[in-house]
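Each of the two chains sits in its own frame; use the hints to bring them together as a complex.
If you want the building blocks of each chain, they are given just below.
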Amino acid sequence: MVPSRYRVVDRVEELADTVTLAVEPVDEPVAAPGHGQFNMLWAFGVGEVPISVSARSPYLAHTIRADGATTTALCSLTPGDMLGLRGPFGVGWDLDAAAGGDLVVIGGGIGLAPVRSVIRAVIAERDRFGHVSVLIGARSPDSLLYRDELADWRRDGDIEVLVTVDSAPSGWTGDVGVVTTLVDAAGFDPSRTTAMVCGPEIMMRFSALALIGRGVAAERVKVSLERNMVCAVAQCGHCQIGPVFVCREGPVFDWGAARSLLEVRQR
Amino acid sequence: MAATRTIRELIAEHPLLADLPAADIDLIAGCGQNVHIATGRHLFHEGEPADTFYLVRSGRVAIEVAPPAGPSLIVSTTGPESLVGWSWLFPPYRWQLDARAVDEVSAIAIDGACLRGKCESDNELGYRLMQRFAQLAVDNLLAARRQLLDLYGDNSG
Numbered sequence: 004m005v006p007s008r009y010r011v012v013d014r015v016e017e018l019a020d021t022v023t024l025a026v027e028p029v030d031e032p033v034a035a036p037g038h039g040q041f042n043m044l045w046a047f048g049v050g051e052v053p054i055s056v057s058a059r060s061p062y063l064a065h066t067i068r069a070d071g072a073t074t075t076a077l078c079s080l081t082p083g084d085m086l087g088l089r090g091p092f093g094v095g096w097d098l099d100a101a102a103g104g105d106l107v108v109i110g111g112g113i114g115l116a117p118v119r120s121v122i123r124a125v126i127a128e129r130d131r132f133g134h135v136s137v138l139i140g141a142r143s144p145d146s147l148l149y150r151d152e153l154a155d156w157r158r159d160g161d162i163e164v165l166v167t168v169d170s171a172p173s174g175w176t177g178d179v180g181v182v183t184t185l186v187d188a189a190g191f192d193p194s195r196t197t198a199m200v201c202g203p204e205i206m207m208r209f210s211a212l213a214l215i216g217r218g219v220a221a222e223r224v225k226v227s228l229e230r231n232m233v234c235a236v237a238q239c240g241h242c243q244i245g246p247v248f249v250c251r252e253g254p255v256f257d258w259g260a261a262r263s264l265l266e267v268r269q270r
Numbered sequence: 052m053a054a055t056r057t058i059r060e061l062i063a064e065h066p067l068l069a070d071l072p073a074a075d076i077d078l079i080a081g082c083g084q085n086v087h088i089a090t091g092r093h094l095f096h097e098g099e100p101a102d103t104f105y106l107v108r109s110g111r112v113a114i115e116v117a118p119p120a121g122p123s124l125i126v127s128t129t130g131p132e133s134l135v136g137w138s139w140l141f142p143p144y145r146w147q148l149d150a151r152a153v154d155e156v157s158a159i160a161i162d163g164a165c166l167r168g169k170c171e172s173d174n175e176l177g178y179r180l181m182q183r184f185a186q187l188a189v190d191n192l193l194a195a196r197r198q199l200l201d202l203y204g205d206n207s208g
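These protein sequence lines are chains P and Z, in that order. Going by this note's numbering, the first residue of the first sequence is number 4, and it counts up by one from there. Going by this note's numbering, the first residue of the second sequence is number 52, and it counts up by one from there.
With the rest of the complex left out, here is chain Z (with noise of 0.2 Å):
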């Protein structure tokens, strides 16, 4: 029978998050639980307060943005070892997009709130977690760049 594994053990194996010290990741781990999140349905909704974010441990994240009028487009998609969610970070914590779960999702869910008591509390933590978020968002930047190319269009085979 497999040992059940922690919250910590498992946030601490999160790329993310692995080479933070070990007293981060106890901080981290106590504002963190256990989540499931059937296919289809969503993690979060665009305009609802930004109270969390998740470790994706397995399972795929469509990442959607509803227009005006008709169906959700999705932008990108996110797999097993990638982070959902900043929002919880930034006033007005308020999620500016959709998040889907493409198959059946298993992540730890991170309570912002609590996690962004800890930071105020400990700026050596916010300043180390917030080196991570804004590489990140670096990242994801230079990805919808690179989408905005319409890298496929100009060759004739």
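Bound conformation, chain P alone (with noise of 0.2 Å):
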């Protein structure tokens, strides 16, 4: 599992604290991720990190929060700089299982980046999904994550966007409140609705619970839980649940298997 080396073709500043890298492989490049995959990002010299991809074309591309020492590493990087990467792991999102019934799509803060790619791939098979309603919240109108894009896939993407924030300065016009409250306003049926939902786990707790509260089904919930990977290939046990390997059986889970997984509290 030796890094393959990347360099940053473009970056951009989608907040204070977090950018988007888009990367080109210089040494043989690694399989093309799924959606909701993610790949181990290393910045050398300081150390390696579990990113989801936020992209898959035209370049690989990562949104990273700046949180610590290595991903504060990596968001000071700029085109031409290398990093070294390896992956892509886990259990991501089924598309496929998802298409021909109505899709709600829930992201939360720096959860949005791994539905990006999900929501993009939508958009390009618009004809195989019914009503498609991509749920955001987030701290703040300052916090929110791919501004611009957000009316490109209202408006190229027949998709219902319902964008929430826990405060506002007088002035703002979208909604304000819990992320959950988008579950009632959006137009989904929710006897053919898969969901699919990114966040802090806090968040997905909530918001799959009001997604059952409407009639989802619980097997059609599916969530992407996040935690320490280290190894990413089930040896190191960092990201152990129980029995369960959250980088090789995860990180998207059925709300099913994930509720129990979520009970247990990270060391």
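Simulated from the structure, these hints should not be mistaken for lab results. Think of the CB as a built atom: it goes at the ideal place given N, C-alpha and C, for glycine as much as any other residue. A hint or two may mislead.
[Said to hold, decoys possible] Between beta-carbon pairs, the in silico distance windows are:
1. 259(P) <-> 119(Z): 42 to 50 Å
2. 154(Z) <-> 100(P): 36 to 44 Å
3. 196(Z) <-> 151(P): 55 to 63 Å
Now the structure itself:
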């Protein structure tokens, strides 16, 4: 599991502490990632972290928030800089299983990044899905990811995009409140809906319960668990919850399986 | 041409009140009137007498807090089928927050003093209404607590 070297070809500053890096291979490229899979990104001399794929084309892209030494080092990279990359790892979102019905995608905070490639794929194959709702929660208007892209999703994708923030200055014309309030407002038919939820675990728990409360079958609610992954190949045990290695059997789980796992606190 | 809907019919369709006995709906309808609030206009201001509540039919309403200094902050928004305003029900009957129309709002405005009077003389109506407002208060308290959790703050992506 030696990392391949990748070169940064583009850097987009999404928020004050969050950037998206587009990269191209210098060595043998890794396999094309599935939606919701993650790669291990190595900032040379600093460390390695798991980061979900936020776009698959035209370049492989990862959206990274600087909240530790390694992610801060990665966020400081600029075009031409190199990083190490290995992957893709884990089980991602199963878009084929969701086709033919309605789709609800819920992204909270930086959790919008791992579902961005799903949304782009749905827009590219819009006819395969019924009503599509994207429900986005953020702390404030200033912390909304991909703000410029949201209008494109609405306009080009025939997608219902609902956004809510925890608080906002007067003059904000969007919604304010917890992301679960959007579940009741969205126009999907729960009897034929698959839901994909990504964000902090507490947000996913409330969102899953709101979806099920509206009538979505628990086995059709999928969540992406965030755990401390180190080896990414089910050897080190850092991401292990009971018998489950999140890096190998996840990060995407059915709510039925995830619910019990979420009751285990990370050490 | 669409038939004109009566206040009673509109109240009877509101999710919060729809399951009340017909006699209760009649009593509430007697205190109601149709209102339209233009975008940006306030439904009420903090500190003013709380003499009305609103059953929102269309449009959205922002609930705002005015800090001692600086611009107001929006702490929640509500949309169609929501209810705005509880302060009419509890002494000292003054608004605790501001409410402003984010879009053009159509609503049924219910005269709180009128309805309080009917609740005093018909305690069963008062009890049924109080049950609904208590549930609304619980839902809003839970939502406010979740907002305090900073749900989006600890995920590294």
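Results of checking the hints against the structure:
no. : hint                          : verdict
1   : 259(P) <-> 119(Z): 42 to 50 Å : 49 Å, holds
2   : 154(Z) <-> 100(P): 36 to 44 Å : 37 Å, holds
3   : 196(Z) <-> 151(P): 55 to 63 Å : 33 Å, violated
In summary, the one numbered hint that this structure violates is 3.
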